[in-house]
Amino acid sequence: MVSRWNPANAVTASRFLTLPPFFWAVQHGYHQWATLLMLICGLLDKLDGLVARIFDCRSAFGELFDAITDALCYGFGLVVVAVYGWAPVLPIVLIVIMGFINSAMRGQYVKRVGHTTNYKSYAMERLVAYTGYLIGFATGGMEVSYFCWLYVPVMVAILVYDGKRLLIDPVPGAAA
Amino acid sequence: MSTELVSDNVFRWALTILTGGFAGAWLVVDAVSLIRSRHADRSDPVVRDKHFGYVIGMAIGVIGVIGCLRFWNVL
Chain A
11 MVSRWNPANA VTASRFLTLP PFFWAVQHGY HQWATLLMLI CGLLDKLDGL VARIFDCRSA
71 FGELFDAITD ALCYGFGLVV VAVYGWAPVL PIVLIVIMGF INSAMRGQYV KRVGHTTNYK
131 SYAMERLVAY TGYLIGFATG GMEVSYFCWL YVPVMVAILV YDGKRLLIDP VPGAAA
Chain B
556 MSTELVSDNV FRWALTILTG GFAGAWLVVD AVSLIRSRHA DRSDPVVRDK HFGYVIGMAI
616 GVIGVIGCLR FWNVL
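As they're listed, the protein sequences go chains A and B. Position in the first sequence (from 1) plus 10 gives the number in my numbering. Position in the second sequence (from 1) plus 555 gives the number in my numbering.
Just so you know, the hints here were simulated from the structure itself, not pulled from any lab data. Beta carbons are placed, not taken as given, at the ideal position from N, Cα and C, and that holds for glycine. Some hints here could point you the wrong way.
[Unchecked claim] Derived CB-CB ranges, DEER-like:
id: 1; chain 1: B; residue 1: Asn628; chain 2: A; residue 2: Pro182; range: 42 to 50 Å
id: 2; chain 1: B; residue 1: Arg593; chain 2: A; residue 2: Val93; range: 41 to 49 Å
id: 3; chain 1: A; residue 1: Gly124; chain 2: B; residue 2: Arg593; range: 50 to 58 Å
id: 4; chain 1: B; residue 1: Asp596; chain 2: A; residue 2: Ser24; range: 35 to 43 Å
Just need the whole structure built from these sequences, with the hints factored in.
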């Protein structure tokens with residue numbers, strides 16, 4: 011049994027430390043600082059998996075904690091850039107709503123499985139990276155509308171696919 | 556104290572390299588992964604999940620590369 015107090019989860023938790031200075035940078039119009047802070051948040055996301063492998067402390071809780079941290083950090087980032095007018099509001103609202111739908115479906119999946127687990131979605135992993143970039147595009151002023159609006163149909167496709175896997179398809183390992 | 560870390564031009568190039576470089580690499584890696592796993596048993600849900608993930612990765616890669624070209628007014 012791996013303790014929840016392990017180096018990988020500490021790295022994951024440290025991502026929250028980037029949020030207050032990120033908010034400060036956006037509030038003061040410091041585009042480059044905001045981009046750098048979101049980049050650090052994204053790099054820490056990659057680092058926690060590496061730390062988990064090095065210290066052999068991978069766990070179902072760690073995977074779930076990582077997914078929740080992704081949602082909170084990137085959700086916060088998206089809302090902040092939209093509120094401060096650095097990104098178009100409508101696609102960001104749609105993205106956040108779909109994020110909640112995804113969380114609800116994953117919660118339902120945990121109920122179906124009967125214990126803490128994180129459904130591994132290869133497509134959603136890629137979209138999470140896109141989300142980090144999306145905030146970076148907003149802070150960097152790089153084709154913001156283009157990237158925001160194209161994100162929406164990609165996320166819809168993933169939600170439909172993952173929704174079927176999470177809510178309808180048989181749970182792996184369950185008796186037929 | 557300056558509020559800028561680097562000049563605007565360097566910042567634009569950094570964004571382009573970070574985006575275009577990763578998006579282009581991602582597109583190639585996922586395309587190769589998809590081709591390599593084309594004969595895998597698609598009745599296995601995990602294989603289907605991986606294939607779908609590769610296709611989404613390729614789509615995001617294309618979006619990223621086109622975004623970079625638009626950023627520099629090439630498209």
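Hints versus structure:
Remark: the range hint 42 to 50 Å for Asn628 (chain B) to Pro182 (chain A) is upheld by a beta-carbon distance near 48 Å. At about 45 Å, the CB distance of Arg593 (chain B) to Val93 (chain A) agrees with the hint of 41 to 49 Å. Judged by the Cβ atoms, the range 50 to 58 Å given for Gly124 (chain A) and Arg593 (chain B) is violated: they are separated by roughly 35 Å. The given range of 35 to 43 Å is respected by Asp596 (chain B) and Ser24 (chain A), whose C-beta atoms sit roughly 40 Å from each other.
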